[in-house]
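Student: Next come the chains, spelled out residue by residue.
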Amino acid sequence: MTTYATNQFKSGLKILLDGDPYTIVENEFVKPGKGQAFSRVRVRNLKNGRVVEKTFKSGDTVEGADVMELDLQYLYYDGEFWHFMEPVSFEQYSADEVAVGDNKIWLKEQDVCKLMLWNGSPISVEPPNFVELKVTETDPGVRGDTSGGGGKPATLETGAVVRVPLFVEEGELLKVDTRTAEYVSRVKE
Amino acid sequence: MREHGRSGLSWERLRQRADLMAAIRAYFAACGVVEVDTPSLRITCASDPHIPVLAVGEAAEPQFLQSSPEALMKCLLAEHGRPIYQLGKVYRAGELGRLHQPEFTMLEWYRPGWSMQNLMDEVVAILRLVEPAVTQVDTLDWRSVFVEHTSLEPEADRHALAQRAAGLGVSRQLLETADPRALRDLLFSHCVQPTLGQNRPVFVTGFPAEEAAFARLDPADDTRALRFELYWAGVELANGGEELTELDAWRRRASADLEYRRRAGLPVMAIDADWVAALELGLPAASGVALGVDRLLMCALGANAVGHVMPFARD
Chain A
1 MTTYATNQFK
11 SGLKILLDGD
21 PYTIVENEFV
31 KPGKGQAFSR
41 VRVRNLKNGR
51 VVEKTFKSGD
61 TVEGADVMEL
71 DLQYLYYDGE
81 FWHFMEPVSF
91 EQYSADEVAV
101 GDNKIWLKEQ
111 DVCKLMLWNG
121 SPISVEPPNF
131 VELKVTETDP
141 GVRGDTSGGG
151 GKPATLETGA
161 VVRVPLFVEE
171 GELLKVDTRT
181 AEYVSRVKE
Chain B
1001 MREHGRSGLS
1011 WERLRQRADL
1021 MAAIRAYFAA
1031 CGVVEVDTPS
1041 LRITCASDPH
1051 IPVLAVGEAA
1061 EPQFLQSSPE
1071 ALMKCLLAEH
1081 GRPIYQLGKV
1091 YRAGELGRLH
1101 QPEFTMLEWY
1111 RPGWSMQNLM
1121 DEVVAILRLV
1131 EPAVTQVDTL
1141 DWRSVFVEHT
1151 SLEPEADRHA
1161 LAQRAAGLGV
1171 SRQLLETADP
1181 RALRDLLFSH
1191 CVQPTLGQNR
1201 PVFVTGFPAE
1211 EAAFARLDPA
1221 DDTRALRFEL
1231 YWAGVELANG
1241 GEELTELDAW
1251 RRRASADLEY
1261 RRRAGLPVMA
1271 IDADWVAALE
1281 LGLPAASGVA
1291 LGVDRLLMCA
1301 LGANAVGHVM
1311 PFARD
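From first to last, the protein sequence lines stand for chains A and B.
With the first letter of the first sequence counted as 1, position 64 gets the number 64 in the numbering used here; the numbers rise by one all the way through.
Count along the second sequence from 1, then add 1000; that gives the number in the numbering used here.
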């Protein structure tokens, strides 16, 4: 097991605190005029994204968290788990509802996602920044309007709902930014 | 992140640094304080267990990069009894952060025959070199500010201190192993320090005898040290006091430091023979202070980190 002393702390380091994996966001060395030094760190919980502050005595050690990031291809959803595959080794991983969270509406089969694995199990799933999804439901398009002004909601094949320009029609393929849930463009098939 | 080959400072910043150094030298030249440059490399170093020392060279015969010029400046005081200053680089192992670099510029000076209060007034004169608007600097009592910001007396028992510290997001390992003094340091650095000198610089005095370092105790109250710290915008800028001149008391404190180092598994260095000799020869009554020049510049220019005012700072 890897352990880190406070003088090895730096942003991005993955450590284990109270049984949860965290990543160090910021590390500050704190010291009174005369007396002991401390390491004050801002850490983000990799399971729920919450950021907290924590203080260690200079020289204290913490366990490293066995966390790695993999690029995995999304295969399918079986009603309980989302299944992914490592494209070279074909090794499969399954992520639960907690790990996938709100990102489930962006998962399209064959797309390559970033998964964070802790002790071999997925704890977070990050979709590609841009995905191409088919419109399954939207109000009829307004002929001749290509301005993109105004807009209307459209439901996509994964269940995501985004605002699209009025000319977008059912069955069309759209490029969407998953970070902002915004329509980018139509895609010619 | 600093790019390789780049200092990370604009020409204007480099000029501001140079101007401050020149102003400090001009100030001391005008009042007859003589610049000295004692060695950075010695076979021993500061005993303070909370100052991580940088050992270099062969492990069998280590030498130490000095964390302050204190010991040899005291030799010069004993030998000549004249006011002196040193402006130069000092070194600390493993100190790196917003307010720390492993190598930084320290201004340390000694005034034979001066009281702590006289010296504090002169520290204000140095502050004015970078911030002419600073006219008066208030002095806060260590104990009072501790009580004000922690709602606890510094003499409170371990349990009470730990309970207060627990609310600050402290690691369990720290909470369970820290002694009362470490908890007090923790509360001071987390609850008190950030509030100090927010509008303008302030002094803190009245430090407890355990935190005397090598300052003398107050003859009117031997539970307090004649030591002061200067804070600006929550940043400790300077640390000084009336110097301890008695050899026996010095030996007791240095031995206690080394004993603490031994117990804590820290490097244990030899008793500083030069310092001992200076005390034997007779150190004149004097006040002395060390001031972090990079931090002073950082505060004066409103920079967020010392590395933003130092060329080639580490990330």
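Derived from the structure by calculation, the hints contain no laboratory data.
Predicted, not measured: the structure shown is a model, and the values here were computed from it.
Check the hints yourself; a few may be wrong.
To be verified - Cross-link-like lysine-lysine pairs, in silico, BS3-like; alpha carbons within 30 Å at most:
1) 10/A - 1089/B
2) 57/A - 14/A
3) 114/A - 1089/B
Student: For the pair supplied as a hint, residue 114/A and residue 1089/B, is the alpha-carbon distance within the 30 Å limit?
Tutor: Not satisfied, since the Cα-Cα distance of roughly 47 Å exceeds 30 Å.
Student: Quick one, are residue 10/A and residue 1089/B close enough, alpha carbons at most 30 Å?
Tutor: 25 Å, holds
Student: Do the alpha carbons of residue 57/A and residue 14/A lie within 30 Å of each other, as the hint requires?
Tutor: 18 Å, holds
Hint 3 from the list above is the single one not met by this structure.
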